Amino acid sequence: MLTDACQTCPIYNESALKKLGVNTENFDFVVALAGNPNTGKSTVFNALTGLRQHTGNWPGKTVARAEGGFEYNDHNFKVVDLPGTYSLLSTSTDEEIARDFILFGQPDVTIVVVDATRLERNLNLALQILEITDRVVVALNLIDEAARHGIKVDERHLARELGVPVVPMVARRMVGVPQLLQAVEEVILGTYPTRPHRIKQQDTRLEQVIGQLVNAIETQFPSLPNARWVALRLLDGDASIEEAVRNHTLGDLARSNVIAPVGDVIPLQAVAS
Amino acid sequence: MTTDLLQTANQLRAGMGEDYHDKLMEAIYTDASQIADRSVAREEGKVRWTFDRTLDRALTHPVWGFTVMGLMFFGVFWITITGANIPSQMLADFLLGSVYNALHSVAAALSAPAWLSGLLIDGIYLATAWVISVMLPPMAIFFPLFTLLEDLGYLPRVVFNLDRLFAKAGAHGKQSLSMMMGFGCNAAGVVATRIIDSPRERLIAIITNNFSICNGRWPTLILMGTIFVATLVPPALASFVAALSVVTVAAMGIVVTLLVSAFLSKTWLKGETSVYSLELPPYRPPQIWRTIYTSMIDRTMIVLWRAVVMAAPAGAVIWLTSNIFIGDMSIAGHMVNLLNPFGLLLGLNGIILVAYIVAIPANEIIIPTILMLTLTLGSNIAGAQSGVMLELGDQQVYQVLTQVGGWTMLTAINLMLFSLLHNPCSTTIMTIYKETKNLKWTVVATLLPLALAFLVTFSTASIARLLGWA
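Top to bottom, those sequences are chains A and B. Counted the way the numbering used here counts, the first sequence spans residues 1 to 273. Counted the way the numbering used here counts, the second sequence spans residues 1 to 470.
These aren't lab readings, by the way, just hints derived from the structure by calculation. Since we're looking at a predicted model, the values are computed, not measured. Think of the CB as a built atom: it goes at the ideal place given N, C-alpha and C, for glycine as much as any other residue. Accuracy of the hints is not assured; some may be wrong.
To be verified - The following label-pair restraints were derived from C-beta to C-beta distances:
#1 A:Arg205 with B:Gly70: 54 to 64 Å
#2 A:Gln212 with B:His21: 13 to 23 Å
#3 A:Arg160 with B:His21: 28 to 38 Å
#4 A:Asp28 with B:His21: 31 to 41 Å
#5 B:Gln7 with A:Arg160: 39 to 49 Å
#6 B:Ile360 with A:Arg195: 55 to 65 Å
#7 B:Ala451 with A:Gln212: 30 to 40 Å
As the list claims (entries may be wrong) - Every beta carbon over 10 Å from chain A, so not counted as near; a handful from chain B, in silico:
#8 Leu6
#9 Arg53
#10 His61
#11 Tyr100
#12 Lys168
#13 Asn340
Unchecked claim - Residues from chain B that face chain A, not an exhaustive set, calculated with beta carbons under 7 Å:
#14 Arg13
#15 His21
#16 Ser33
#17 Ile35
#18 Ala41
#19 Arg57
#20 Ile195
#21 Pro281
Whole structure, please, built from the sequences with the hints as guidance.
As structure tokens, then:
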């Protein structure tokens, strides 16, 4: 049954998705799932992996990472569901787990699930993630609810502003999942060149200071992908980033793609469908 | 070389003034708002969120908010208590009657030695079967109902209502979220305190999480409410009063949480209260069948499995301690005799205290252990063998406890209080250690509730005796 004209398009490739449940062995790529609490992040996770993680709509529901897997176009993906947070700038453990995984775990792509009905607040987190990594896909979820409330988000414009793919979704009803998978693949393969939005500092003196520190960081870690973000954190006195400089984690990050173990992984107590 | 970098950063930071962090945040907010403005089109004329707003005003109203909260939780327990009655009885008849007898016939046919069939059937099997028939029906009703409330978006409103109280107690408002998690499982509640970023407030939340009644303790409260407290009123009102007593104990848990939080924040854990923002998510129609499915799998079955895993070895331990004799008394008998004077002082008895020692790994097995020990050590009624739990409905349980165990209303009420206040289970204690990495606070979180439990039960017992009620 066709519910969508896209289903006739050759690019549309829903059948290429094979849900692997908790089986995350021998993966080729790692996908991180980030987003505010209550945006349907766990629903997207379940849609991709076929798991049935209970979805709660309040912060604190997921405070550790949950993992699952899927296969798409003959590649195995591991999906890591990060705790839902409003920002990555505080020192609470849930935000640290999310931040550290995006930074040190170096996922091949980070899906940021945003709530279309509350775009502005959700973008605060999305912009912070775009500072850390340029391999991002934005899943614009709950567009049905937004439409009911008379809100229409121009996803093409949003994609231009953010410099990364934006996929409108209704994850609860699997709408947008094929498009999301395709965007994930394109970002990983580099066929969608991302140009992530970087936050402008109004204060010119501040810009100058940041520039100085970025230079110092780049001299020391020439291949670090997010020197500017590290500079911002160091200026903010972020103890865990200072520690990463001191114990060479940051240096290792610049050199290799080895996934550093971060935090505890709580095994997902769910049943694969 | 790396320290050079940090020094550079420190020097640069020193020259920047205090408002750096605010400027960072401001820049993010400005960009987010600009991008959102340019990407979002609003259809004029459509009234937004009217229904949600009206509902929120009612549910977070200083008076109505708490009224609705009380009624909701009362409703959940009332449905649980009345609904679980018949299936509980049927399960007991089947598992403790038919299956139990069949197992003994098989053992007799195989001419298995008495100690072996005793250990396996009267110990391990019966303890497990008891836990299932006591726990499964109420849990299978309670969890889906609670999950539905969660999915409707009601819990964040509860958090909103409680926030003011937590702020007054010098604790973090988000503590009400970890407290809510604790109503399912305290270990999960302790992990959920990760959302609190101030270490001081997080410790308060961890130590007080124990006062959220967890899965393992609901069945004890429900049973005591049903067979003891409900006898105070005519049968027509019995289930209401039973539900009311359970809700009262749960509400007392919240009061104790607030009091202990206030005490800690004024003594050992002094400091400022953090500010945070709480989102009231939109109400969403719950996916009823999906909710029932996931709450059965995620919660009911996992909780039940944990109880069964704990009950089987506990059943063996209880059977062995009741059947191995030192002198003229079994080991269990010696232990009960030793603890009995202290137990009676608390308005409880030695058997209850022994049961709480056996049940340190899991509160779920309290009631089966108490019954088994009462039947074994009490006078020999209904042909009970040592350490054998019988097929018992609520009425028979009441008779066993009052006639053989010598229980009074005070015993039942103090058991409810003790169940609310006593030390966390071993899983939770281990989780607390993992989360705090601090032995001292782990010990405090374990012993402070226990001391409180002794203090409160001793007080109620003394008052009841002074007034001649017990």
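#### Entry: Status of the His21 of chain B interface restraint (C-beta, 7 Å, chain A)
6 Å, holds
### Message
Please verify that the nearest CB of chain A lies beyond 10 Å from Arg53 of chain B's CB.
### Response
12 Å, holds
### Task
Take a quick look at Asn340 of chain B and tell me if its Cβ sits farther than 10 Å from every Cβ on chain A, holds or violated.
Consistent with the label, Asn340 of chain B stays out of reach of chain A, its closest Cβ about 41 Å off (over 10 Å).
#### Entry: Minimum Cβ distance from Tyr100 of chain B to chain A greater than 10 Å, as the annotation requires
30 Å, holds
### Query
Per the hint of 13 to 23 Å, is the separation of the Cβ atoms of Gln212 of chain A and His21 of chain B within bounds?
Holds, since Gln212 of chain A and His21 of chain B (Cβ atoms, about 19 Å apart) stay within the stated range.
### Hinted contact Pro281 of chain B with chain A - closest CB pair below 7 Å
Check passed: Cβ of Pro281 of chain B comes within 4 Å of chain A, closer than 7 Å.
### Query
His61 of chain B: least C-beta distance to chain A exceeds 10 Å?
At about 20 Å from chain A, His61 of chain B clears the 10 Å cut-off, so the statement holds.
### Query
Was the hint right that Ala41 of chain B lines chain A, CB cutoff 7 Å?
This interface hint holds because 5 Å falls under the 7 Å limit.
### Query
Can the hint on Ser33 of chain B be confirmed by a CB-to-CB distance to chain A that is less than 7 Å?
Holds: closest Cβ of chain A sits about 5 Å from Ser33 of chain B, inside 7 Å.
### Message
Tell me if the beta carbons of Gln7 of chain B and Arg160 of chain A are separated by a distance inside 39 to 49 Å.
### Response
41 Å, holds
### Query
Would you say the C-beta atoms of Asp28 of chain A and His21 of chain B sit inside 31 to 41 Å of each other?
At 39 Å between Cβs, range holds.
### Query
Measuring from beta carbon to beta carbon, are Ile360 of chain B and Arg195 of chain A in 55 to 65 Å?
58 Å Cβ-Cβ, so the 55 to 65 Å window holds.
Violation of the numbered hints given earlier is confined to hints 7, 8 and 19; the remaining hints are satisfied by the structure.
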